Amino acid sequence: MTPATPLRERNPLRVAQAKTLRWCVYGALLLLAFFLQSAPRALTIGAAKPLLLLLLTVNIALFVGPVGGGVAGAGAGFLWDLFSARLPGFNGLILLIVGCACGFFARRRIRPLAAWLLAGAALLIQLLLDWGVHVWLSGKPDPVSALWWRYLPNGLYSLAVAPAVYFFIGAVARVLPRHDSAETYP
Amino acid sequence: MRTFCKSRGFKALLCLAAFLVGLLGYAAATRSGLLAGAVLSPLQSALSSATTGVGDFLGGLFSSSSALSEENAALRKELARLRTSQAELDELRRQNALYKSFLGVKVVHPDYEFAAARVIATDPAEGSGHVTVNAGTQSGVAVGNAVVTPDGLVGIVCEVGLNYAKIRTLLDPSLTLRACDSRTRADGLTGGTVALAQRGYLQLTRLDRAGAVAAGDLVLTYGGRYPEGLLLGEIESLSLDSDGLTKTALVRPFVDVRTVSEVLIITHFEGVTE
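As they're listed, the protein sequences go chains D and Z. For what it's worth, the numbering used here labels the leading residue of the first sequence as 1, then goes sequentially. For what it's worth, the numbering used here labels the leading residue of the second sequence as 1001, then goes sequentially.
Treat the hints as calculated values from the structure; they're not laboratory data. Each hint should be verified, as a subset may be incorrect.
Selected chain D positions facing chain Z (Cβ under 8 angstroms, derived; list incomplete) [stated by the list, open to error]: (1) A47; (2) A85; (3) D142.
Computed footprint of chain Z on chain D; a stretch qualifies when at least three of its residues, placed anywhere within it, have a C-beta under 8 angstroms from a C-beta of chain Z [unchecked claim]: (4) 26-40; (5) 58-72; (6) 149-157.
A quick note: this is a predicted structure, and the numbers were derived from the prediction, not measured. Yeah, the Cβ is synthetic: ideal placement off N, Cα and C, and Gly gets one too.
Let's have the full structure, built from the sequences with the hints guiding it.
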């Protein structure tokens, strides 16, 4: 993925406006993804649902850098936990780390395949951590079946829609006003 | 990396992480819902009604081809009918029928106090084992309340917020309820496996081997913390456990948790025991 070429704005007010607009758009997208991910029967194939919040976190992080990615991840995870069977904060912490890690690739030229592999790695981490903590360590019955019937379909479905999310976020980032996209560290 | 670790942004992220850890600890200690959930619940409720309609439509598209042609003809008739009727009237009719059936439950069990609710969210990681509904402490809902439809039990409230409640359904293999056979009163515990839950089934375990439980018998709640005599499902088959002392029954629930949209939460009943 090629981050928007930094176009240095000399007017700090315009930079602030551009940043605010960008985060309003990303926030709205995260909210929409949350509603779609948790709404009954929305985007459902069989028993599988795409983990849109995670995919959005990965792809937003590729444009905004580690700090922005971490914040977007924490927000996405917090929303995810609201109506899930997990304790609030669980997915928030995982997505914060995932977003922060993916953000380090923001200044590199990430190609679609690499972004897809990154999304796959993020999915693997989230699903294995969730399964490990909430199924395996919790002593729930039939942990292998849970992995096979619940986590794997969700993961594969998410992986299938990951390119669409990548191109969509790419298009949104191109439409938004440009400024120094990935953070510099003071 | 070293520059990043010294940056203000990194420190802000650490603060955010500490906040989330604190939230985890608080939620683990209290099991109470968050204010943010109460704010987003009405929005989610509105969206879920829209997506349920779209889901029904798309579900029809993915059915088998022979069924599709039949469905196509039926849909054409339906379309002609819809042209002449108002969508709002249909919705009112549907709700009227639903509340009449709910009223039937109320007539049979006059001591029950209900809160009506609609399913607004599911959890991808839990499949049909967990749903969220749009009624909470405001409507008198509390943790441990039984959730039903006129067909039978749906699940048990496991967490409650101001205007939403999270429910563990019968298809959650870790939900254990004491239940009994309606004919012989032989009792056992509900449970199952994820594979069975995917097919929409659960198990009634630890049934006495010598008991006369048979396929076709109805399974009811036993009582105690939950109202007695709530319908769970019908026994389809029985098998002897490996210990040779107990039997396990395969139960088909009367309520299809995967498609249920309107529910009643029993907030109070006579003979409730803590």
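Taking the hints in turn, this is what the structure says about them:
1. A47: With a closest approach of 5 angstroms, the A47 (chain D) hint holds.
2. A85: It holds, given that the least Cβ distance between A85 (chain D) and chain Z is near 4 angstroms, below 8 angstroms.
3. D142: Holds, because the Cβ-Cβ distance from D142 (chain D) to chain Z comes to roughly 4 angstroms (cut-off 8 angstroms).
4. 26-40: Contact hint for the stretch 26-40 of chain D vs chain Z: holds, 7 residues under 8 angstroms.
5. 58-72: holds (count 4)
6. 149-157: Holds, because 4 residues of the stretch 149-157 of chain D bring their Cβ atoms closer than 8 angstroms to Cβ atoms of chain Z.
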